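Enquirer: Next come the chains, spelled out residue by residue.
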Amino acid sequence: MKAGMPAVIVALMAVAACGDSMRDQPRYDPLSAAQGWPHNQSARVPPEGTVARDDSMAPDPQSPPTALSRAQLERGRERYGIFCSPCHGGSGHGDGMVVQRGFPAPPSLHSERLRAAPLRHYYDVISGGIGRMYAYGARVPPQDRWAIAVYIRALQLSQHATVDDLAPGERKALEKQP
Amino acid sequence: MPQIFHRRTDGLVRILLASGGLAIVALAVVAYFIDRSPYLTGQGAVPEQPVPFSHQHHVAGLGIDCRYCHTGVEKSPFAGLPDTHTCMSCHSQLWTNAQMLAPVRDSLERDIPLRWIRVHKLADFVYFNHRVHVTNGIGCESCHGRVDRMPLMRQAAPLTMQWCLDCHRNPGPSLRPPGQITAMGIEPASEARAATSGHTLLKQYAIHTNRLTECITCHR
Numbered sequence: 001m002k003a004g005m006p007a008v009i010v011a012l013m014a015v016a017a018c019g020d021s022m023r024d025q026p027r028y029d030p031l032s033a034a035q036g037w038p039h040n041q042s043a044r045v046p047p048e049g050t051v052a053r054d055d056s057m058a059p060d061p062q063s064p065p066t067a068l069s070r071a072q073l074e075r076g077r078e079r080y081g082i083f084c085s086p087c088h089g090g091s092g093h094g095d096g097m098v099v100q101r102g103f104p105a106p107p108s109l110h111s112e113r114l115r116a117a118p119l120r121h122y123y124d125v126i127s128g129g130i131g132r133m134y135a136y137g138a139r140v141p142p143q144d145r146w147a148i149a150v151y152i153r154a155l156q157l158s159q160h161a162t163v164d165d166l167a168p169g170e171r172k173a174l175e176k177q178p
Numbered sequence: 001m002p003q004i005f006h007r008r009t010d011g012l013v014r015i016l017l018a019s020g021g022l023a024i025v026a027l028a029v030v031a032y033f034i035d036r037s038p039y040l041t042g043q044g045a046v047p048e049q050p051v052p053f054s055h056q057h058h059v060a061g062l063g064i065d066c067r068y069c070h071t072g073v074e075k076s077p078f079a080g081l082p083d084t085h086t087c088m089s090c091h092s093q094l095w096t097n098a099q100m101l102a103p104v105r106d107s108l109e110r111d112i113p114l115r116w117i118r119v120h121k122l123a124d125f126v127y128f129n130h131r132v133h134v135t136n137g138i139g140c141e142s143c144h145g146r147v148d149r150m151p152l153m154r155q156a157a158p159l160t161m162q163w164c165l166d167c168h169r170n171p172g173p174s175l176r177p178p179g180q181i182t183a184m185g186i187e188p189a190s191e192a193r194a195a196t197s198g199h200t201l202l203k204q205y206a207i208h209t210n211r212l213t214e215c216i217t218c219h220r
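Protein chains in written order, with the UniProt record's numbering: chain A, 1 to 178; chain B, 1 to 220.
To be clear, the hints were calculated from the coordinates, so they are not data collected in a lab.
Source: prediction; values computed, not measured.
Virtual Cβ for every residue (Gly too), placed ideally from N, Cα, C.
Check each hint, because a few of them may be wrong.
[As the list claims (entries may be wrong)] Computed, partial: chain B to chain A, Cβ under 7 Å:
1. G63
2. F78
3. A79
4. H91
5. A123
6. V126
[To be verified] Reference listing, derived: stretches of chain A covered by chain B, where coverage requires no fewer than 3 residues with Cβ under 8 Å from a Cβ of chain B:
7. 54-62
8. 96-108
9. 143-156
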């Protein structure tokens, strides 16, 4: 009996190592199913009016809360490319790839009306959508909304620049061209 | 006393012992390869989805960036899967009668989430984080392959521990400049180029490779 003990213990340990309890631990992964909760999913929709811990309670400002910077413009260009260019097109004329496949064309961002619109208008359109354009507020956080608004303004300037807007050196270089 | 065993028994026992040993080795080798075979790692598997969503059409055909749909990829461990609202931002106007998209419209109407079947699934004892990789120069392509050529999503990499470590030991050649993380079809740097550009990128991203092979990095 005594001699058999180690063998029994080893056999028990071998059995204990079976099963996949380390591989599938009793916890919820993102978006995993959870019986008994709404829609049987572990992810919950925050109640209306919830403010994230590090968010500001103040109402949205009328203009970008941070000073204009090159980094912000670059960020705006990147985010515009991801979220807006499929429909509005790279230069904002409303001829993106999805429009070419039959999506109703959005207005050009270079119209008189939109050029005169305040930056806050773009912020609001992104947050809440407009007409047939869905809201992008869930995917584009406030900082990025302002960055996109600022970038759209830069796009508009780029399409309506005149020779007088150039620095003297650049102007000379342009005038030299045939 | 007469002999109990025949004279040939000695040889027989040796052969039995040797083949027993060989069998154990062979079993171990077979087990090793089965463990790494696509059958167990899931590499190449294509699970059936509620909607046959084509990355090829949406990424290569329409040029939509990964982050339009996988919004969490730069800021959280989890890349995120698109909700019904994301699909409907285009399909409220496009292909509105397609039978293929009926589950999406149904999901919007009845306010019941779409249930995508997971293609990749790491064991729970592995800690993985998209943000650290994507904001430190590793492109989606390095781990997910040519997504723009997948009519249906499949698992391109084996996702074994060895696979993670192969890169963690020498990430230089896989690194890309920040603007090219979601781009597809970028050749991995050649050995010679990697030696120079990989090194500068390692510096630029301030990656310390000595930490990357610690157990605690991926098991915490």
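Enquirer: Each hint should be assessed against the structure and marked as holding or not.
Expert: Status of the hints after comparison with the structure:
1. G63: It holds, given that the least Cβ distance between G63(B) and chain A is near 5 Å, below 7 Å.
2. F78: Since the shortest Cβ distance to chain A is 4 Å, the answer is holds.
3. A79: 9 Å, violated
4. H91: 10 Å, violated
5. A123: Since the shortest Cβ distance to chain A is 4 Å, the answer is holds.
6. V126: Check failed: Cβ of V126(B) comes no nearer than 9 Å to chain A, outside 7 Å.
7. 54-62: violated (count 0)
8. 96-108: holds (count 6)
9. 143-156: That given contact is violated, which follows from only 0 residues of the stretch 143-156 of chain A lying within Cβ reach (below 8 Å) of chain B.
When each numbered hint is compared with the structure, violations occur for hints 3, 4, 6, 7, 9.
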